[in-house]
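**Q** Listed below are the residues making up each chain.
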Amino acid sequence: MSEIITKTAAELADLLAAGETTSVEVTQAHLDRIAAVDGDAASGVHAFLHVDAEGALAQAAESDARRAAGEARHLLDGVPIAVKDVLATQGLPTTCGSKILEGWVPPYDATVVGKIKAAGLPILGKTNMDEFAMGSSTEHSAYGPTRNPWDQTRIPGGSGGGSAAAVAAFEAPLALGTDTGGSIRQPGAVTGTVGVKPTYGGVSRYGLVALANSLDQVGPVTRTVLDSALLHELIGGHDPLDSTSVDTPVGGFVEAARKGAAGDLSGLRVGVIKELAGDGWQPGVMQRFAETVDLLKELGAEVTEVSCPTFVHAMATYYLILPAECSSNLAKFDAMRYGLRVVPEGDPSAEAVMKATRDAGFGDEVKRRIMIGTYALSSGYYDAYYGQAQKVRTLISRDFAAAFEDVDVLVSPTSPTTAFPLGDKLDDPLAMYLQDLATIPANLAGVPGISVPAGLADEDGLPVGFQVLAPALADDRLYRVGAAVEAALTSRWGGPILAKAPTLEGPR
Amino acid sequence: MSETLVPFDEVIAKYDPALGLEVHVELNTNTKMFCGCPALFGGEPNTHVCPTCLGLPGAMPVVNGKAVESAIRIGLALNCSIAEWCRFARKNYFYPDMPKNFQTSQYDEPIAFDGWLDVEVEGETYRIEIERAHMEEDTGKSTHVGGATGRIHGADYSLVDYNRAGIPLIEIVTRPILVPAEKAPAVARAYVGQLRDLILALGVSDARMDQGSIRADVNLSLAPKGETKLGTRSETKNVNSLRSVERAVRFEMSRHAGILDAGGSVLQETRHFHEDTGTTSSGREKSDAEDYRYFPEPDLVPVAPSREWVEELRGTLPENPTQRRARLQEEYGFSDLEMRDVWAAGALPLIEATVAEGTAPQSARKWWVAELLRRANDAGVELAEVGVTPKQVAEVQALVDAKTINDKLARQVFDGLIAGEGTAAEVIEKRGLALVSDDGPLLAAIDEALAAQPDIAEKIRGGNHAAAGAVIGAVMKATRGQADAARVRELILEKLA
Numbered sequence: 001m002s003e004i005i006t007k008t009a010a011e012l013a014d015l016l017a018a019g020e021t022t023s024v025e026v027t028q029a030h031l032d033r034i035a036a037v038d039g040d041a042a043s044g045v046h047a048f049l050h051v052d053a054e055g056a057l058a059q060a061a062e063s064d065a066r067r068a069a070g071e072a073r074h075l076l077d078g079v080p081i082a083v084k085d086v087l088a089t090q091g092l093p094t095t096c097g098s099k100i101l102e103g104w105v106p107p108y109d110a111t112v113v114g115k116i117k118a119a120g121l122p123i124l125g126k127t128n129m130d131e132f133a134m135g136s137s138t139e140h141s142a143y144g145p146t147r148n149p150w151d152q153t154r155i156p157g158g159s160g161g162g163s164a165a166a167v168a169a170f171e172a173p174l175a176l177g178t179d180t181g182g183s184i185r186q187p188g189a190v191t192g193t194v195g196v197k198p199t200y201g202g203v204s205r206y207g208l209v210a211l212a213n214s215l216d217q218v219g220p221v222t223r224t225v226l227d228s229a230l231l232h233e234l235i236g237g238h239d240p241l242d243s244t245s246v247d248t249p250v251g252g253f254v255e256a257a258r259k260g261a262a263g264d265l266s267g268l269r270v271g272v273i274k275e276l277a278g279d280g281w282q283p284g285v286m287q288r289f290a291e292t293v294d295l296l297k298e299l300g301a302e303v304t305e306v307s308c309p310t311f312v313h314a315m316a317t318y319y320l321i322l323p324a325e326c327s328s329n330l331a332k333f334d335a336m337r338y339g340l341r342v343v344p345e346g347d348p349s350a351e352a353v354m355k356a357t358r359d360a361g362f363g364d365e366v367k368r369r370i371m372i373g374t375y376a377l378s379s380g381y382y383d384a385y386y387g388q389a390q391k392v393r394t395l396i397s398r399d400f401a402a403a404f405e406d407v408d409v410l411v412s413p414t415s416p417t418t419a420f421p422l423g424d425k426l427d428d429p430l431a432m433y434l435q436d437l438a439t440i441p442a443n444l445a446g447v448p449g450i451s452v453p454a455g456l457a458d459e460d461g462l463p464v465g466f467q468v469l470a471p472a473l474a475d476d477r478l479y480r481v482g483a484a485v486e487a488a489l490t491s492r493w494g495g496p497i498l499a500k501a502p503t504l505e506g507p508r
Numbered sequence: 001m002s003e004t005l006v007p008f009d010e011v012i013a014k015y016d017p018a019l020g021l022e023v024h025v026e027l028n029t030n031t032k033m034f035c036g037c038p039a040l041f042g043g044e045p046n047t048h049v050c051p052t053c054l055g056l057p058g059a060m061p062v063v064n065g066k067a068v069e070s071a072i073r074i075g076l077a078l079n080c081s082i083a084e085w086c087r088f089a090r091k092n093y094f095y096p097d098m099p100k101n102f103q104t105s106q107y108d109e110p111i112a113f114d115g116w117l118d119v120e121v122e123g124e125t126y127r128i129e130i131e132r133a134h135m136e137e138d139t140g141k142s143t144h145v146g147g148a149t150g151r152i153h154g155a156d157y158s159l160v161d162y163n164r165a166g167i168p169l170i171e172i173v174t175r176p177i178l179v180p181a182e183k184a185p186a187v188a189r190a191y192v193g194q195l196r197d198l199i200l201a202l203g204v205s206d207a208r209m210d211q212g213s214i215r216a217d218v219n220l221s222l223a224p225k226g227e228t229k230l231g232t233r234s235e236t237k238n239v240n241s242l243r244s245v246e247r248a249v250r251f252e253m254s255r256h257a258g259i260l261d262a263g264g265s266v267l268q269e270t271r272h273f274h275e276d277t278g279t280t281s282s283g284r285e286k287s288d289a290e291d292y293r294y295f296p297e298p299d300l301v302p303v304a305p306s307r308e309w310v311e312e313l314r315g316t317l318p319e320n321p322t323q324r325r326a327r328l329q330e331e332y333g334f335s336d337l338e339m340r341d342v343w344a345a346g347a348l349p350l351i352e353a354t355v356a357e358g359t360a361p362q363s364a365r366k367w368w369v370a371e372l373l374r375r376a377n378d379a380g381v382e383l384a385e386v387g388v389t390p391k392q393v394a395e396v397q398a399l400v401d402a403k404t405i406n407d408k409l410a411r412q413v414f415d416g417l418i419a420g421e422g423t424a425a426e427v428i429e430k431r432g433l434a435l436v437s438d439d440g441p442l443l444a445a446i447d448e449a450l451a452a453q454p455d456i457a458e459k460i461r462g463g464n465h466a467a468a469g470a471v472i473g474a475v476m477k478a479t480r481g482q483a484d485a486a487r488v489r490e491l492i493l494e495k496l497a
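Going down the list, the sequences are from chains A and B. Per my numbering, residue 1 is the first one in the first sequence, and the count goes up by one each step. Per my numbering, residue 1 is the first one in the second sequence, and the count goes up by one each step.
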């Protein structure tokens, strides 16, 4: 394995700035790694649905030319990145993991994609995901699953399994993900990587193909907390094209990460969420979690237990609001303007073409949620389901608000279990949904969250994630606490957690 | 299906109607409701489009502030309350000209609500209660090619132009209008007409019914006289002229009565109006099962107009129509009867524009309410669409005042103007309509007439000036009407003095 691909984005930025490497070299090394380990639907990590070697190298060459002329646009200019296939990329296919968008090439860039292009980050390609981001295992991708680099018989989490696996497998130093109910954080947890869901409105959603508009948020997927902070500062900020984006200055994340890495958390008040534990939580996960909480105490934090009683209703609430919004969002996929078109025999009407296309183009999980959402919004049921869910959502926000009066951050395990075997929960949607038990409340309330590696579970030797949640717009706290945990544990382990991952077949 | 139509007189003897009018007003903002594309309908198909108004995956809407301003001004002009906080909602249904398969509209939180508009019909004032005025986006426009009906069913293929998709609309919805049965068609027409004038005065829309920038949906139900429970309604879509509004109401009343008289029940459905026959036909059935699954648009933040802004906008409202009408009647010196005819013809804005071009009010009134109204009625069009502009009327009257033509010739000038033969002067030139201004040819004609009727010349000489009429008639005939009758009279009397 080429040494350059093991570097963090911050390290690559330093090497590029010092002239010790070039963007072309770095980008080529990652493309080589992708060629070596990514494989396809049948085998390999399969983190990518589309690799744009030519485009990435061209962008890398331009970046090198800028550097040579002393005109680097950003610290990360020249550091390559992978983009979840749910973000519109002009000139690159964007399928959302669905057959219904096979072959669609957007004529425009998502705002975040525009920002990374403007900063000069070469785009390696588009990463795999559960279809329209519905799932926690990436098995619902219409193009075949992504495999966990720690154990290729296991899931990489979802829906952003492709982005998390890509950084875990050193196929990319950075990736963009999206998190609607845990799709950045849970894959981070089960692949031993870092994932951040920013405050709702902190990062523009323009060009993010919506799953659930009121829950979705774009965020960084990286191997270190500092890299997430760097990427978050790049993609964050108000966007006039997204009315829900927050019009307050974003920043201080990198500074918070550097401060946190120094290891002093004295004065920090930490709340352990009582409701996010118990039956169904894997012992190895709880053990690593408890140790990490002890670590916070060692670093000077005051830890208390906090009750958020309505969190037990978060799952039910989420699975009404999300399907309702997505049933409407996905209506546009009707074969009339773009994407798949299935024309039945005979002389079919437009309606018949719509039906046949949607029947053939959507997978079962998507259809399930469209049906649930359509039902929940139907007249006569709206108040009982969607209306009630919105009320509970308000209560969940109030639980957060009350908790944040007493503590600065809340913590929990990111996911109840480590990576489970592929196929294990495919026939049991509810079991799959439970993967997001700990991550969903943050989306419902719009607060930010991070998942950082907390070690490996004793029973299976697989990564465990530690989740930190902060009040809305206090994303900097995630970086301070996340970096402190990361620094202390990395030092305890004698190196990054991914050093413990099995070696993937690939060029050395 | 054959329909039994009950004569209108019989309908009004037995039933009371409930009317409901939904009027869509296309705003004349520079850009669309939720994106920066020009809000220009027409042009090369699918050229005024972007990811947002095409509903491309990932694109998001942003509210057009100018459209909100127009909506508030319309609301205020209709005496509505303006919401302190309201949201957009998605109206979900599938149709190929809907880019997202939902229309971003407003549902239970309209920007304006609880207002009224007073309309006058034959001297009586009727207060039309406004339930709401809300903001929404227009859909694309489908053209169905092939098939007999021009509708999607049976078409060989359909073309969709999304230039119109996303153009801002304000939908104004009345509460049930309960007026005497015999007045219902006229009240419906008067309401839409006055609403149009109001919108025009506000300057927020082109307000052209013929071009679809104002579209009316007519809801109507009948109930037997004395029955307080409303009957089942039909909804006649896209009625695109004032005259059609009146005819649609009249037709639907006759049709409903036919069904009810036969003991049947009216189907709750959408109907199409046919301009050529003045009839309606069944569209899609609209049962209560149709469910738009409205929910608040999660991609937009609530609209919360400050009270200061609302008051500022109130200050920009044009003169209230009732006051304006009273003021103009006073200024123009029209009698109550004259004013009623002007009003009924929808001629006031046209007369105002003609007077602004320098024409005396009574002359302007005479042309619009007599001559041009007759032509509009004959052609079955609105007075404003008769084919003559206020500026042209002013030009014609100026030529009459200058004695270049007389009233009779002016009618022929209007023929030429409507036929598109150019300016009034050009029509006169082309058709050779100018009055004979030289006394020479007139004197020759007079001599000829007197020679033919020597006894009349004697009578005139004898002091019977009224007898000159016969000579004048003969001269006018000889000059094919192109003589100034007053001048001919003068010349006759001079000659025989």
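Please keep in mind that the hints were generated in silico from the structure rather than gathered at the bench. Even for Gly, the Cβ is constructed at its ideal location relative to N, Cα and C. Where hints are given, some of them may not hold.
[As the list claims (entries may be wrong)] A partial selection of chain A residues facing chain B, derived with a Cβ cut-off under 7 Å: (1) L92; (2) Y206; (3) A331; (4) S378.
**Q** Grab the minimum C-beta distance from A331(A) to chain B and call the hint holds if it beats 7 Å, violated otherwise.
**A** Cβ of A331(A) sits 4 Å from chain B, so the hint holds.
**Q** Answer holds if the nearest beta-carbon of chain B is closer than 7 Å to that of L92(A); otherwise answer violated.
**A** violated, 13 Å
**Q** Would the stated hint for S378(A) survive a check requiring a Cβ distance to chain B of less than 7 Å?
**A** At 6 Å from the nearest chain B Cβ, S378(A) passes the 7 Å test, so the hint holds.
**Q** Taking 7 Å as the limit, does the beta-carbon of Y206(A) come near enough to a beta-carbon in chain B?
**A** holds, 5 Å
Hint compliance for this structure: hint 1 is the single one not met.
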